[in-house]
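*Asks:* Sequence:
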Amino acid sequence: MMLWFKPYAVFLGVCLSTLFAVQSAWAEEAIPLGDGSHFIVDEYLIQTIKDTGEVKLLVKGKPDFQPENFGPIPADFFARKLESLCENLVNNSWDQLKAQKIGKIRIRWDFTPATRPEGLSNDVKWSRFHEVDFALNDDQQCISMPLSVAQDNLTPKTPSGVGATLRYVEEGDQWGELQLVYALGNVEQMANVKFMNSAAMELCLIHGNSILEQRFKYYNQYETATVAIQFEHKNKQRVSIERFIFPVVDKKCETGLSDMLKTLILETANATN
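Residue numbers for the sequence shown, in mature numbering (1 follows the signal peptide of the UniProt record, and there is no 0): -27 to -1, 1 to 246.
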């Protein structure tokens, strides 16, 4: 069986196994990412998860630029940059993706960072990789699925019942700002500022503190002063945005809530996810 993916002329040969080895017919094709940089494709792999039957397309390659000039960067920070690659595949190969029942696209690039770990011998080859996941919906959209939190916890249960789904984990516009962007299903909720503020507090405790822990442990080159919780609701006419900012105190999101309320929020999330 052969698949044809446009516009980049790549044949996908499918083997009947759990992991489908797929080799690119043309090595090192450069796919533009919209900002002057490119993703150099090495191969495509179709993967099937035995337990769930979920089918995922893995696009493997390398960047034509240095992603990490000054130290490790979380892979999720590149989600918006790689979204255009996912959209290219969807826009030009939707029928082929659906024929193979592919529900997710994972993009992985391998690279040699500009800096090496202190004390690592020069004889040791040093490399890193980033992976970014996108779910495909029936509207032919690529939906970012941050890997900074568990994939079954992107829409955590909260006492407020806000039903917001984490879409991006990224640097904010201000110095030292970590930004978490959530998709909101019900735009009418934005009319209640008090409700949205409470929901932002909950998400800062549930997701924000977990991501901050990773940030301080693995990405200590970042100065982190605030966490911005941003809610977005999109339709064909407009994008509605509501934003709340919390200071970071003792490496955690400071919401001003009592310990009792913090415990209630975390217990609600843990009991239902």
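If you're looking for bench data, these hints aren't it; they were derived computationally from the structure.
We treat Cβ as the ideally placed atom computed from N, Cα and C, and that holds for glycine.
Certain hints may be false.
Unchecked claim - Quick list of the computed label-pair ranges, beta carbon to beta carbon:
#1 E91 x V166: 43 to 51 Å
#2 D223 x D96: 38 to 46 Å
#3 D68 x D96: 30 to 38 Å
#4 L237 x F102: 21 to 29 Å
#5 L239 x W67: 37 to 45 Å
#6 N64 x Q124: 20 to 28 Å
#7 G229 x D68: 46 to 54 Å
#8 N170 x P90: 38 to 46 Å
As the list claims (entries may be wrong) - Heads up, simulated DSS-like pairs for lysine-lysine below, C-alpha to C-alpha not over 25 Å straight-line:
#9 K130 x K71
#10 K235 x K207
#11 K130 x K74
#12 K224 x K235
#13 K98 x K29
#14 K23 x K98
#15 K167 x K130
#16 K23 x K54
*Asks:* Among the hints numbered above, which are violated by the structure, and what are their numbers in rising order?
*Replies:* Violated hints (numbers, rising): 3, 4, 9, 10, 11, 13, 14 and 16; every other hint is consistent with the structure.
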